[in-house]
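Next come the chains, spelled out residue by residue.
Number of protein chains: 2
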Amino acid sequence: MNAEDINGFFAERDQLSMSDYLELEYYLECVGDIRETLAHFCSEQSTAQWSRVGVDEDFRELYGAKVLSWEVLEELPELSYPVEHAATGKIHACRVTIAHPHGNFGPKLPNLMTAVCGEGTYFTPGIPLVKLLDISFPDSYLARFEGPKFGIEGIRDMLGAYNRPIFFGVVKPNIGLQPVHFAEIAYQSWLGGLDIAKDDEMLADVAWSTTEVRSKLLGKARLEAEKQTGDKKIYLANITDEVDKMVEQHDIAVANGANALLINALPVGLSAVRMLRKHTKVPLIGHFPFIAAFSRLEKYGVHTKVITKLQRLAGLDAIIMPGFGNRMMTPDQEVRENIEECLNGMGSLKRTLPVPGGSDSALTLDTVFRKVGSVDFGFVPGRGIFGHPMGPKAGASSIRQAWKAIEKGIPLDSYAETCPELRAMLDK
Amino acid sequence: MNAEDINGFFAERDQLSMSDYLELEYYLECVGDIRETLAHFCSEQSTAQWSRVGVDEDFRELYGAKVLSWEVLEELPELSYPVEHAATGKIHACRVTIAHPHGNFGPKLPNLMTAVCGEGTYFTPGIPLVKLLDISFPDSYLARFEGPKFGIEGIRDMLGAYNRPIFFGVVKPNIGLQPVHFAEIAYQSWLGGLDIAKDDEMLADVAWSTTEVRSKLLGKARLEAEKQTGDKKIYLANITDEVDKMVEQHDIAVANGANALLINALPVGLSAVRMLRKHTKVPLIGHFPFIAAFSRLEKYGVHTKVITKLQRLAGLDAIIMPGFGNRMMTPDQEVRENIEECLNGMGSLKRTLPVPGGSDSALTLDTVFRKVGSVDFGFVPGRGIFGHPMGPKAGASSIRQAWKAIEKGIPLDSYAETCPELRAMLDK
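So the protein lines, in turn, are chains A and B.
My numbering numbers the first residue of the first sequence as 60 and each following residue consecutively.
My numbering numbers the first residue of the second sequence as 60 and each following residue consecutively.
Just so you know, not all the hints are guaranteed correct.
One copy or two, either will do: identical chains are not told apart, so a pair holds if it fits within one copy or between any two.
Claimed, not checked - List time: in silico SDA-like cross-link candidates among lysine to any residue, alpha-carbon distance up to 20 Å:
| # | residue 1 | residue 2 |
| --- | --- | --- |
| 1 | K340 | L192 |
| 2 | K452 | D115 |
| 3 | K337 | R223 |
| 4 | K304 | A266 |
| 5 | K364 | H144 |
| 6 | K358 | E143 |
| 7 | K467 | E143 |
Source of the hints: derived by calculation from the structure; they are not laboratory data.
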């Protein structure tokens, strides 16, 4: 590219009608001339050849992605992670803000992903390492999406549960349990105080525990638990499946009494979530398989915050995400940002319930609550409830007892004096 | 876990009915005791809690993933890439082969992904870095998939093109061109000798170039080009869209004369490809956006070979993939492996046409051909045809001239003496 070619991929914010653009933040490791490399980066993700041969035209003004601003973070002695065939030359770590015209693809999630984290992003000459850090949408673009149908308030209203976290539990053993035993265990956990008993994200419609049979037994057990406790309960059925089966899976599960549905958003694809959002009668709750494969490293891939925003856009009413602490190998700040993206203003989209998880139990509730900083979250132990030495009912009770202790401002250890279930967890 | 707990996640191949298992190869960086960490790794991706509290049962035999073999590659002074909250202790780089019971999820691509590259894989304590390197399926599992409907032979028969590569071209300018101009340029490229003129992977159904309008014009232009040249031609329309629109997009495009369809497999989700495979009347060709986000680094994520196999399983008749050379930042060996996975025996699945791409032109054809080692590949320039100084017809001609030179064993430079189109590329 010559100097004038390069200039066509830079713009000032006030030169553009910003409602026509998404804003993208990228971390880049640039090899060689920075400005030229950034121009290539914009060109590759939009109009790579901006005129026909022999025709006086320029598609950059309407269709070109454009650098709004950039800064060099540091000069690096080598790439942060080695990349085969990477270009050689001076390396600069940069942060860049790009305006990307959404008319290039429209309000469609697969096409949006193709534009902002597709071939152009990862195959620009001179940019061996790149991470998409953030994405922002103008309200006019957000208005083309339905977003969550229920949101936090909808889930709270279903349960009549206010001013406290929502208590989930993943039924364990997660794989191999016969539906009748699965239902019995879930029932016990509801009696002990769980709001939501859920399928593991790996357990879906399988020969030895079909959605038809499992949801029928769980639907009945849920009604019985509601009768026994006087509280509303949710059975969260995992309908992750091939996309052409998901609507049918929804219909079977909901008819049988599942009153929320789990979807592994990335494996089925974000637009499959959106498809289901148009059809669903119950809240949709997302789980996070596969996301870590492209988000764990600091300087390559896609930031989880981007995926949280896209999941909310697709219509998830709650998002289960890697939580705090060593177990989930995610920086605390990143967990906080993901929680915020569920709750922040986002056009007229409803708020999504954040559910930060990872090896939780009665013993971790206080820490999670303090790190979240509000009651607007879901808490999702598995073995912390279903591996409780006194059984699942006691496991669920221990969680509710821990919450009571927090509400009353009493140390767990003191509060446990009158609560054998909590005591057993402390002694474990 | 105690020693006996750990043993439950190890097995010898001849103890297992291997037709019930997938085989998975992982690269791992293990912190701490290797055997215990590997047991956790299997447990996390299968039955994390293998019995109910107080019940004498063990789900590991039927439902547990099991280590078949493992080797330590080296002891490392530190993790290859830093990971926040990673465990501390001795670090060993390992390669492990795992038998994973496919009955845990069945013949469903989203559920398969959840099991083999989901939460369990990336959130095992003591394994901050992991890459899924390979996946193998027993024939009984493969038999549950339809695979490519046309395959290489089907595409060759459509075109009447044998004993040579298939010549694709990505119409450029890729974004912004009015359909009437797009059709004119594609028409010229067919006259020049292209087999397949294609939409860019970023160009789908947009307000300024709808599938309806574009495919109608391209369908007509294709028939006219077939009449003029006496050869069969393909217009490859990109129907990447939200999953609930793709069948309709197929129907519109095919009715208007598109006779192959492009799908961005990861953004729509692999099961959306499979859904379309059941419905399609024409070959389905996959493009690779998003795959680099989790596959570029040597020691983290998922290897492209796994994705190539899954794309073939989902039913793609051709797979466009990052090709050879510096531009695509992919090791040559990896490109070769991906090509092989399109062609290798895989149950009774048809062979898929590999299309290794990246800034190709008449000048790179010989190198690509030699590196592929056979004529069974697609060649897919963009600007190398549509940015040709004499225009798209000349651009396409230059490719066919380069192939003639290769067939005759004549150096490009000599052959170009009678071929001004090829000459122009050499002079560029």
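Going through the hints against the structure:
1. K340 / L192: neither (34 Å within a copy, 40 Å between copies)
2. K452 / D115: between (74 Å within a copy, 19 Å between copies)
3. K337 / R223: The answer is neither: 29 Å in one copy and 47 Å across copies each exceed 20 Å.
4. K304 / A266: The answer is within: 15 Å in one copy meets 20 Å, while 30 Å across copies does not.
5. K364 / H144: between (30 Å within a copy, 18 Å between copies)
6. K358 / E143: Answer is both; intra-copy 16 Å and inter-copy 12 Å each pass.
7. K467 / E143: neither (57 Å within a copy, 34 Å between copies)
Hints 1, 3, 7 from the earlier list are contradicted by this structure; the remaining hints agree with it.
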